[in-house]
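Those protein sequence lines, which keep their order, are chains A and B. For the first sequence, the working numbering begins at 1093 and goes up steadily by one. For the second sequence, the working numbering begins at 3 and goes up steadily by one.
No lab work stands behind these hints: they were computed from the structure. This structure is a prediction, so every number in the text was calculated from the model and none was measured. Glycine residues also receive a C-beta, built at the ideal position from the N, C-alpha and C atoms. The reader is advised that the hints may include incorrect statements.
20 Å max Cα-Cα, derived PhoX-like pairs, lysine-lysine [unchecked claim]:
hint	chain 1	residue 1	chain 2	residue 2
1	B	Lys-238	A	Lys-1142
2	A	Lys-1152	B	Lys-238
3	A	Lys-1231	A	Lys-1261
4	B	Lys-80	A	Lys-1142
5	A	Lys-1185	A	Lys-1172
6	B	Lys-187	A	Lys-1142
Restraint-style ranges between C-beta atoms, simulated for each label pair [unchecked claim]:
hint	chain 1	residue 1	chain 2	residue 2	range
7	A	Arg-1208	B	Arg-18	50 to 60 Å
8	A	Thr-1111	B	Val-132	44 to 54 Å
9	A	Ser-1225	B	Ala-183	49 to 59 Å
10	A	Pro-1258	B	Ala-33	52 to 62 Å
Just so you have them, the derived chain A footprint on chain B, three or more residues with Cβ under 8 Å [what the hints assert, rightly or not]:
hint	stretch
11	85-96
12	102-109
Now for the letters of each chain:
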Amino acid sequence: MADQRVIEVSDLTFSYRKTEALKKISFTVDRGEVLGFLGPNGAGKSTTVKLLTGQIVPDKGSIRILDRPMPRERSRILNKIGLCFEAPNIYPKLTGFENLAIFAKLHGQSTSHIPRLMSRFGLENKGNQRVASYSKGMKQRLVVARALVNRPEILILDEPTQGLDPTNKEMLHELFHEQQEVGTTIFITTHDMLDVEAMCDRVIFLNEGSIMADDDPKALMRRHGKALIHVSLKNTDGVEAVTLPIDEAKTADRIADWLREGRVETIHSQEATLGQVFINITGRRLDHE
Amino acid sequence: MSRFWVIFRKDLRVARSEGLFLLIVLWAPLASGVTRWVVSALGRDMATLGLQMIPMWLAMNSILIGIMVLAMLFIMEKEAGTMAALRLTPITLIEIIAAKLTISLFISVASAIALILLNVGAIKIPELIVISTAGMLFMLAAGLLVAQFATSMMQFMTSVRLLMLPLALPMILHFFPHVEAEWLKLIPTYFLVRASHEVVVMNASLADVAGDIGIMLLQGLILLAIAIFTIAKLEKRPS
């Protein structure tokens, strides 16, 4: 199993001056797994990414990536990692092809696969255009393409779909699925539940620098979530909305009564969401600023 | 291709696409050319005056290009967020600095040659290039250092003017030979002006000005080491 572990984090602690950003967190990620790292702003997600990529050094604890210690073997590890950040940090005055070629060469790779990569990201006709002329979605796709330019074993994605329209989001989800299918391990930080539901095999909830939960999303929803039924009832003043927990015995009786009385206008069931599970576990909202 | 050359070629391409670079590179040669034309039109003898003006133009060229070009290459990376992206590849900080430093020196030498050719023709070019390059090292390091504390090009342009003013003093005082203050020797451009004056006006050889070249190189290397140390330290500082 050890060779299956691609990321091993143990007792990781990091402080920004007097603020403890991470408090002895430990987790592992297996080969081919898609791990969602969830938490509100300030939970410690970006600090974890910075530590995983060797941008900062932990106060305590250890990180091993692909069986090598980070940050001691940073350069070798970075050669096997693809990174994608929320901000499209690309050269606006260069073309899309040039942007990818620079990073391919810095990783010691040839540029022969770049046209294919650009085509996969729907940028085949844009390769010779300056990036400054790209739309936001195109820039973000280029950043994700750049993360794959070194054929990485691990993809680290920090809020990769933030601010994108649904079409671009869906396109990126498909591309991440393809990577998962070829065995790439994906570590993704996000507040976006659509990202998690579309991609993640496992999620870690982070709150105020501590891990609050670490499990498969469905198991978390079963254990901590509450499925609901929303009923719109006709009454003398108009329509009244009522929400009932699905797992309570009284719910069925009450709905049966309303149906007999002919008061039910609409009825919908709603499964527990990870967002609600997060609130139930941490007492905070994921989009909390 | 080595990582150094990847950054070198990329920066050359970026520099070409930025109109501001061209303006900075051509400013001193063009300004000196126009001055020469105006002075000639006024009936003054440019043969002697042109030689006397070379130290001033070389110093101005090194201040403008040295401080601006390398710093601009860094600030543009910072503004676009691409420096962070580069640092997440196997390239080292030293490789990035070396590539940008080399390209800045390359641009400065090209500009200095244009400047000399426009003013006095093809005389003493190798000697003046050696002197100019030695003086340029300090300016490059100074620009690099200031660029680390600027978050935008606008902020850099504002703060760098304060640095340019004292550096320009020896260049101005070159035309007032009776002002011989010891404190002038604390300003690196003093040696650049003095060495180039010795070479073009007094017909000195490189060996005659080796002391001044040595001092300039030493000053430049010390400031460069400080700049690299500062960048490495700032990079590790959590934000």
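Tested hints:
no., hint, verdict
1, B:Lys-238 / A:Lys-1142, "holds, 11 Å"
2, A:Lys-1152 / B:Lys-238, "holds, 16 Å"
3, A:Lys-1231 / A:Lys-1261, "holds, 13 Å"
4, B:Lys-80 / A:Lys-1142, "holds, 17 Å"
5, A:Lys-1185 / A:Lys-1172, "violated, 28 Å"
6, B:Lys-187 / A:Lys-1142, "violated, 45 Å"
7, A:Arg-1208 / B:Arg-18: 50 to 60 Å, "violated, 28 Å"
8, A:Thr-1111 / B:Val-132: 44 to 54 Å, "holds, 52 Å"
9, A:Ser-1225 / B:Ala-183: 49 to 59 Å, "holds, 55 Å"
10, A:Pro-1258 / B:Ala-33: 52 to 62 Å, "holds, 55 Å"
11, 85-96, "holds (count 9)"
12, 102-109, "violated (count 0)"
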